[in-house]
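Colleague: Here is how the chains run, residue by residue.
2 protein chains.
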Amino acid sequence: MSALELDFLFHPQSIAIAGVSDVNNPFNTGLKFLEALTAFGYKGKLYPLNPNGGEVMGLKIYKNVKDIPDQVDYVISAIPSRYTPQLVADAAARGVKAIHFFTSGFGEIENIEGKKLQTEILEIARQGGVRIIGPNCLGIYCPEGGLTFNPDMAKVSGPVGMISQSGGNSAYAVTEGNSRGVYFSKVISMGNGADLNESDYLEYLTLDPETRIITAYLEGVKDGLRFQKALKAATKVKPVIIFKVGSSESGAEAAVSHTTALAGSDRVWEGLLKQVGAIQVYSIEEMIDVTVAFQQMPVPKGRNTAIVGIGGGASVIAADEFSRAGLVLPRFSQKTRQILIGNFSTEAGRIFKNPVDMNSFESHEAFIKTIKTIEADDNVDLLVLHIAFDHFGLISSEDKERMSRAYHSFILDLKTKVEKPMAVILHSFASDRTRKLASDIYDSLTKAGFAVFTSIPRAADALSKFIWHREWLNTHTVTQN
Amino acid sequence: MSALELDFLFHPQSIAIAGVSDVNNPFNTGLKFLEALTAFGYKGKLYPLNPNGGEVMGLKIYKNVKDIPDQVDYVISAIPSRYTPQLVADAAARGVKAIHFFTSGFGEIENIEGKKLQTEILEIARQGGVRIIGPNCLGIYCPEGGLTFNPDMAKVSGPVGMISQSGGNSAYAVTEGNSRGVYFSKVISMGNGADLNESDYLEYLTLDPETRIITAYLEGVKDGLRFQKALKAATKVKPVIIFKVGSSESGAEAAVSHTTALAGSDRVWEGLLKQVGAIQVYSIEEMIDVTVAFQQMPVPKGRNTAIVGIGGGASVIAADEFSRAGLVLPRFSQKTRQILIGNFSTEAGRIFKNPVDMNSFESHEAFIKTIKTIEADDNVDLLVLHIAFDHFGLISSEDKERMSRAYHSFILDLKTKVEKPMAVILHSFASDRTRKLASDIYDSLTKAGFAVFTSIPRAADALSKFIWHREWLNTHTVTQN
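One line per chain: the protein sequences are B and W, in this order. According to the working numbering, the first sequence is numbered sequentially starting from 1. According to the working numbering, the second sequence is numbered sequentially starting from 1.
Be careful, since some hints might not be right.
[To be verified] With a straight-line cut-off of 27 Å between C-alpha atoms, the simulated BS3-like cross-links for lysine-lysine are:
| hint | chain 1 | residue 1 | chain 2 | residue 2 |
| --- | --- | --- | --- | --- |
| 1 | B | Lys447 | B | Lys155 |
| 2 | B | Lys447 | W | Lys372 |
| 3 | W | Lys222 | W | Lys238 |
| 4 | B | Lys400 | W | Lys115 |
| 5 | W | Lys66 | W | Lys97 |
| 6 | B | Lys353 | W | Lys66 |
| 7 | W | Lys436 | W | Lys155 |
| 8 | B | Lys222 | B | Lys238 |
| 9 | W | Lys436 | B | Lys115 |
| 10 | B | Lys60 | B | Lys43 |
| 11 | W | Lys238 | W | Lys115 |
| 12 | B | Lys115 | B | Lys155 |
| 13 | W | Lys301 | B | Lys155 |
| 14 | W | Lys274 | W | Lys155 |
| 15 | W | Lys301 | W | Lys372 |
| 16 | B | Lys436 | W | Lys236 |
| 17 | W | Lys116 | B | Lys436 |
| 18 | W | Lys116 | B | Lys335 |
| 19 | B | Lys116 | W | Lys335 |
| 20 | B | Lys400 | W | Lys63 |
| 21 | B | Lys353 | W | Lys372 |
| 22 | B | Lys236 | B | Lys335 |
| 23 | W | Lys238 | B | Lys353 |
Just so you know, the hints here were simulated from the structure itself, not pulled from any lab data.
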């Protein structure tokens, strides 16, 4: 079977939700799923289920999945775990193809009964031809299929697929991603992965034409050899960004209790990921940073980076952080430096090395000239512009805003004027006002197609990993087949 | 001379500002200083200076500092560098005690004339008994003395002193600090430090009774042995938190061009700071994080940390990050675990190890019982509570807000109920709405006296360094005198 056959999981025509109360109760997850799917604009049919029957949101509540008169493609279970074997049996009888278990209390709890229950539902599902998502998870977010586990998530699709062994981290990754202009094709919160596991989803995303970048939050894997094979196949065709947790003893124990995952040795993971060309990250924020680079910019030819911005202290920090991340800041030629100095009326307060501290751009023209001069230097593979916000004295909030907006419009103008890969860093915003300002400028630059980052060290790290991936491809493409 | 004699720098009774235009020009720094000091509520007399005379903001503009009829304690220079030797001579003749040079274009530029000019003003100042702050800097922020270089900075004083070789980084540190509930006694943006340098200011802050915590952003030092001695004396009596930059080759070059600083070897710095018990940090944000711990909480007896929050994925990450930072997550005794489990109606979806994942607190009572149970465990030195914001599925923004506010009120209630050191982490807020919510809760908890952090790894790092400082004191107190 081709992994793409799992595509039915993301486009069910009808969904039954088990455990929907007809009374508004903030702890009734079934009702929350019904509300979320409705608010999100799910286009198929929705069938609430509850042994007591009744009506909710204008829909009849069926007492049993078997009572639903039409075809049911997909079931969401939000009932207590002890009732789940019967639900799986009934769903199988009704011809349901997949059940997502939000329900927890299976293999992940200490009580041995949970493990027994997980084995039981798995057996019934296999006999009945039903695939299981979870248990103990949030399920699927797929804007194109109208599926979600959170009504606030973007309804827009994007190139990023995600596999997550934590519902919370998948929800956060989407929210953080959306706020950064990163959009998703499919996100799978897979919980214990009792039936379909990380390898199944990875194989699927590798083939999925709607997914161009694969990300994963992993606590451990079920079958190391199979996962390794799936990962090798994936990295051949798409960038794969992995946040592997459970590296500490306490973290590994927590992972077992969270989703039954066996974390495995940290060193083995690091070695494996490096070997197969997967990008290892250490937080959800970093995962999104690296994704921003892949989604928004062409890959630089090499590590030679020129940095331009305003602020001497920020320039020193940028030099340190980019060097620490393994990027190279080449010296400009004497000729380049003389041209740079000539673009401004005075040298005072400015630095015409790499990084360049413009102190202030005297004019739009001086700014554009500066960037073009640097781009023309053969030693430069990558241009990085940074905007500091709360990094200045003596500037009223109004002037700060005016200055930042001017800088922003100058950068927008570079889109058609600069050909070399370019990234923008917005940093050092701490007050409510500048935070809002930075957020506005972030959105505008991202929509215009720039790769934008929100801190100097995080940008340095993400860009370094982005270039590493290209280097890996360059050295492995020949021998790969 | 005692370093405390520098106290006059922070409490001038009158200030003359050289280079004030009577026309509103956004690039006229003299006028910006006049406006900033007025808006900040400086209580002494202000005398604008300009060779053309005139009037501005209802004040007479004097043509020369010598023409001012009253005593002038302090001069701010915002004139072009070529006029500065005359200004120093005139100020000396008028009995001025200190000049702060915002003016740049001295030792930090490549043109040799800048270096000559710096030597020249220094000689005139020394002959005339005038101390120089800078040149090439923002000068002094001291809320109690009414001095500032930014009208938006807090008018409230606090326990934190700061020495900064970058104006931008000092402005950002104050803004970031203020937004985190950190307040300052004195901040010195010292630029090139041609006369008064980092050692002078460090000796002053060591003696200053208004400063309880010393922070510094350093690009290099003038006199290594003197600085080492000053630092040793400082760490004996106050925590000293240092962000030393210029560790990369490009960064070190940028530092020279920025403020003439010679960065020195990275390894030497690391060794020195560790040896004398100064806390090394690697960003302004980290400096503020560590300061939050010192300002807001008692020091834990040891590294044994218990973590409590909501979210399985967040718990795994917290375990990894706290372990990576060198904190220890002890296992709870079987007895403690049984009590914990007994506080809730069901084990499903929860983790009763360390970290504890409450999934949801069923009630205020269950929450308080949980915390008290953990506090009672002898193995626990430090309690860490974390609140995730955009980390949940199926929760409407309204419910998320209600839940976070409930959690917040439960934590407030702990203030009088828990005696062991406790820290709170607010994390994973990515949407505009949750960011605002987190910011509100941050402010409320901080005002109530909690130490609050905004990310799991940053909290782990800051708390580890906070405890390291205590450990250093414990092993060095006996041999110190």
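Colleague: Does the alpha-carbon distance linking Lys222 of chain W and Lys238 of chain W stay inside the 27 Å limit?
Modeller: holds, 23 Å
Colleague: Take a quick look at whether Lys301 of chain W and Lys372 of chain W sit within 27 Å of each other, Cα to Cα.
Modeller: Holds, because 18 Å separates the two Cα atoms, which is no more than 27 Å.
Colleague: Tell me if the straight-line CA distance from Lys236 of chain B to Lys335 of chain B falls inside 27 Å.
Modeller: Outside the cut-off at roughly 42 Å; violated.
Colleague: With a cut-off of 27 Å on the C-alpha distance, tell me whether Lys436 of chain B and Lys236 of chain W pass.
Modeller: violated, 42 Å
Colleague: Under the criterion that the straight-line Cα-Cα distance not exceed 27 Å, is the pair Lys116 of chain W, Lys335 of chain B satisfied?
Modeller: holds, 26 Å
Colleague: Taking 27 Å as the top limit, are the C-alpha atoms of Lys353 of chain B and Lys372 of chain W close enough?
Modeller: Given pair Lys353 of chain B, Lys372 of chain W is violated - Cα atoms ~58 Å apart, limit 27 Å.
Colleague: Can you confirm whether the C-alpha distance between Lys274 of chain W and Lys155 of chain W stays at or below 27 Å?
Modeller: violated, 34 Å
Colleague: Would the hint linking Lys238 of chain W and Lys115 of chain W be met if the CA-CA limit is 27 Å?
Modeller: Answer violated: Lys238 of chain W to Lys115 of chain W is near 36 Å, above 27 Å.
Colleague: Is Lys400 of chain B close enough to Lys115 of chain W, meaning Cα to Cα at most 27 Å?
Modeller: violated, 31 Å
Colleague: Regarding the pair Lys116 of chain B and Lys335 of chain W, is the alpha-carbon distance no greater than 27 Å?
Modeller: With a Cα-Cα distance of about 26 Å, the restraint between Lys116 of chain B and Lys335 of chain W holds, given a limit of 27 Å.
Colleague: Does the structure keep Lys301 of chain W and Lys155 of chain B at a Cα separation of 27 Å or less?
Modeller: Violated - the C-alpha atoms of Lys155 of chain B and Lys301 of chain W are around 50 Å apart, more than 27 Å.
Colleague: Lys447 of chain B and Lys372 of chain W were given as a pair; does the straight-line alpha-carbon distance stay at or below 27 Å?
Modeller: violated, 50 Å
Hint check: violations occur at hints 2, 4, 6, 9, 11, 12, 13, 14, 16, 17, 20, 21, 22, 23; the rest are consistent with the structure.
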